[in-house]
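This is what each chain is made of:
2 protein chains.
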Amino acid sequence: MTETETETTQAPSASSPSRRVFLAGGAAGLGGAAVGAAASAFVLGGSKSAAAPADHRVAGLGTTAIATPFPHQAGIAVPAIQQGHGTVAAFDLVPGATPAQLKALMQAWTAAIADLTAGRTPAGDADTTALGSGPCSLTVTVGFGPSVFGKAGLDPASRPAELAPLPAFRAEQLDSARSDGDLGVVLAADDALVVFHALRTLTRAAAGTAKPRWVMSGFSRAPGSSPDPGATGRNLMGQLDGTNNPTAAQPDFAGKVFVAPDAATAWMRGGSYLVFRRIRMLLTSWDAQTTAAQEKVIGRHKADGAPLSGGTEHTPVDLSAQNPDGSLAIRGDAHIRLAAPASNGGAAMLRRGLSYDDGLTADGEPDAGLLFLAWQADPARGFIPVQQHLTRSMDALNRFTTHETSALFAMVPAPKAGGYLGQALLDPGSA
Amino acid sequence: MTETETETTQAPSASSPSRRVFLAGGAAGLGGAAVGAAASAFVLGGSKSAAAPADHRVAGLGTTAIATPFPHQAGIAVPAIQQGHGTVAAFDLVPGATPAQLKALMQAWTAAIADLTAGRTPAGDADTTALGSGPCSLTVTVGFGPSVFGKAGLDPASRPAELAPLPAFRAEQLDSARSDGDLGVVLAADDALVVFHALRTLTRAAAGTAKPRWVMSGFSRAPGSSPDPGATGRNLMGQLDGTNNPTAAQPDFAGKVFVAPDAATAWMRGGSYLVFRRIRMLLTSWDAQTTAAQEKVIGRHKADGAPLSGGTEHTPVDLSAQNPDGSLAIRGDAHIRLAAPASNGGAAMLRRGLSYDDGLTADGEPDAGLLFLAWQADPARGFIPVQQHLTRSMDALNRFTTHETSALFAMVPAPKAGGYLGQALLDPGSA
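Residue numbers (this note's numbering), protein chains in the order written: chain A, 1 to 431; chain B, 432 to 862.
Just chain A, with the same shape it has in the complex (with noise of 0.2 Å):
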């Protein structure tokens, strides 16, 4: 099975009702595993270039279903244009939670993900937030953080090397009650209502296992805001921010997102390790900035995203280019030089971020910026080399913005059809 192939895990719950009147008797031929396959066609064909896939994101915003891209769960590498609207969760196990209840914890989820993700009513759920909105290619993606090894039967022993809590780096602020936890979920659809009723769902399928630790929502461009739905999205900073993103046409971009098939820990093969920052933007220095001096920040023009050794948007970044005076094009500082992977020993990660606007600060400055995303089969050869060179060799970035909390976790491949999520690690003899 290759990357761009899908397969539908679950089948429709014929117990299930459609939570959507429109699913059932207005659109022939959308039912249950029809709407994921269609779906993830287009999603993953991932093209650019032509109309049609603006037309069926816009046009289908409510209707359109991702499938499970097994082996890895969706949210990752699919939809591979990020949805309009997402929200990153943490919960912590109550104390004395038992092996059991972690176990059915994650088996409800796997159903009630299932059933939402399709647009349809999870069983028992009284909660009509969402009813009349479509799955609006909602993603729903769990995995596992450092601290739940030691809770509810895990060995601390066997927490991978890849999920060792992160290094302190330089000059981060972090806030520790908003950073970390024992199981991390990341959520995106193209309706935020739909996206807090997921959340909600899984809340209350939590109680008496696990408790939210802290919860933050971001946004990116809403499908239909561009007439070209693969042009790179834009940060509060006003850059195009992902320009150098790993595709997944690229040969080796499974090696660099996803764990190895045939990797040490073997219940994260076909997972990914996600890492969570929250950077926040000081918008005000920024703004005092030219948008030449900005532009020597980053490394690249601000209107076109083009580097500032020369050519467009994707030309490669020649990071040994001079100006006419013999300075280097790409400031030695600059975030583009100090991120590169050719910087890093070859350091690559899939940046899926959010914008975030949570209103003012106490001292009346935005508290907004990006909630950083990064997916790697390896944290050691993604995030980690890289943040250690930005800080350490004094990225110019650095001087406005501010990294706020930050999480680890390792998301889980896709549950096998009648499985669960995590269930080769809470369960191996059974996966």
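Quick caveat, the hints were computed from the structure, so don't treat them as lab data.
Source: prediction; values computed, not measured.
Incorrect hints may have been included.
[To be verified] Covered, in the sense of this in silico footprint (three residues per stretch, anywhere, with C-beta under 8 Å from a C-beta of chain B), are these stretches of chain A:
id	region
1	125–135
2	311–322
[Unchecked claim] DEER-style ranges, computed between Cβ atoms:
id	chain 1	residue 1	chain 2	residue 2	range
3	B	Q604	A	T284	43 to 53 Å
4	B	A793	A	Q388	29 to 39 Å
5	A	T315	B	S716	54 to 64 Å
6	B	K642	A	P385	34 to 44 Å
7	B	R601	A	G96	38 to 48 Å
8	B	E744	A	P99	41 to 51 Å
9	A	T243	B	K642	33 to 43 Å
10	B	S716	A	P316	48 to 58 Å
11	B	K642	A	M394	28 to 38 Å
12	B	G795	A	A171	24 to 34 Å
13	A	T291	B	E744	43 to 53 Å
14	B	E744	A	G255	50 to 60 Å
15	A	A126	B	G757	25 to 35 Å
[Said to hold, decoys possible] Quick partial rundown of chain B residues pointing at chain A, CB under 7 Å, derived from the structure:
id	residue
16	F501
17	L624
18	P643
All residues carry an ideal CB built from backbone N, CA and C; glycine is no exception.
Using the hints, position chain B against chain A.
Quick look at chain B alone, frame taken from chain A:
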């Protein structure tokens, strides 16, 4: 001029470059006033049944511009279907701000709003955050709070009676730092990035004259999420919210929502008074109720919004209907009984609320609820008597909500051609 006609008061500025490549090149005929006229023809049409509006709103998400429905500002009654994102912000004048500064600020905001809502880059704006996004139905609505009188040359005695600070209501728990303000701004669009960029632009334009006091953001259903774009939206309690809202098709709509053309306060003719309340929902308690209990609290069925007195969503509520056992079908303390115009001397307002999700409170509960926006010709015939009745009569819904912040603003009429927002207040001789 009737309520359903519009006028574009700002001509396209020949000196402002188009922010949007695709506006200039991609959509023939979608330039300047033509955009506004086409868009307003749709949004004011307000049909619920035709397929065209859904297609228009969704396919045209990026390119839709909302025209000013002169003499009113946009963002009150148009677009008829609320945009997916909204931000409410208050600004305070800096100490010692002069009348000339306040006038210059209103002139700058007027010009910036004309550009932003048409998808143009305001002169001198180097912020590229929304570059590549269309207008996305952006509206920006501006007004004055009670506290501005006595500052910048505004005579405290000239404050209209309608703008007296709201009375205290029973059981509210208001955070003064996030309440009130000298100036109020409501921004909404179908793309959160476009809203954020617009507020940043206004904030930069205010530097030296006014500073943000508080900023809160929320969302409503995304365009295309439901097959019926005119369907009543749901709040985070799962209820249809807004069923009994006045509609522009009703003959007394303008009288309820807008200050009359012959009102004593000349500078508010065509304007509207905005009551803003941040209402947190106690969702854990709410979810612990049965659906039947929740329906008694509200007085409507949760799934379809039909009143407990019978019928369907839009069936008139029969407050005297009885159950077979002789009890009231809609209980004495049901929210819709106490909030009904019939229970409040005909008091009515146009509610355009936004759901908000700010993560968790310090005690781990959902910090989520409703950003309540109510528009009315006079708060004394709108919000005030209704809220007094709700609290004095112990509205059953009060047990599941907390009013956390409060503000009142006199949202001025639209500027005349060549004029500026608030001109009739700040320079009565010229308006």
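Hint-by-hint comparison with the structure:
Residues of the region 125–135 of chain A lying with their CB closer than 8 Å to a CB of chain B number 9, which satisfies the three-residue condition for coverage. Counting residues of the region 311–322 of chain A whose CB falls under 8 Å from any CB of chain B gives 0; the rule of at least 3 is not met. At about 31 Å, the beta-carbon gap between B:Q604 and A:T284 misses the expected band of 43 to 53 Å. Under the hint 29 to 39 Å, the C-beta atoms of B:A793 and A:Q388, about 33 Å apart, fit the expected range.
The hinted window of 54 to 64 Å between A:T315 and B:S716 holds, with their beta carbons roughly 57 Å apart. Between B:K642 and A:P385 the beta carbon distance is about 41 Å. The supplied range of 34 to 44 Å therefore holds. At about 42 Å, the beta-carbon gap between B:R601 and A:G96 stays in the expected band of 38 to 48 Å. Between B:E744 and A:P99 the beta carbons are some 47 Å apart, a value that agrees with the proposed interval 41 to 51 Å.
Judged by the Cβ atoms, the range 33 to 43 Å given for A:T243 and B:K642 holds: they are separated by roughly 35 Å. Separated by about 57 Å at the C-beta atoms, B:S716 and A:P316 satisfy the suggested range of 48 to 58 Å. About 32 Å separates the C-beta atoms of B:K642 and A:M394, a value consistent with the hinted range of 28 to 38 Å. Look at B:G795 against A:A171: about 30 Å separates their beta carbons, and that is inside 24 to 34 Å.
As the Cβ distance of A:T291 to B:E744 is approximately 52 Å, the hint placing it in 43 to 53 Å holds. The hint said 50 to 60 Å for the Cβ distance between B:E744 and A:G255, and at roughly 54 Å that hint holds. In this structure the hint that A:A126 and B:G757 lie 25 to 35 Å apart at CB holds, the actual value being about 28 Å. For B:F501, the interface hint is violated, since its Cβ never comes within 7 Å of a Cβ in chain A; the closest pair sits about 27 Å apart.
A hinted interface residue such as B:L624 counts as satisfied when its beta carbon comes closer than 7 Å to some beta carbon of chain A; here the least separation is about 6 Å, so the hint holds. Among the interface hints, the one on B:P643 holds; its C-beta lies about 6 Å from the nearest C-beta in chain A, closer than the 7 Å criterion.
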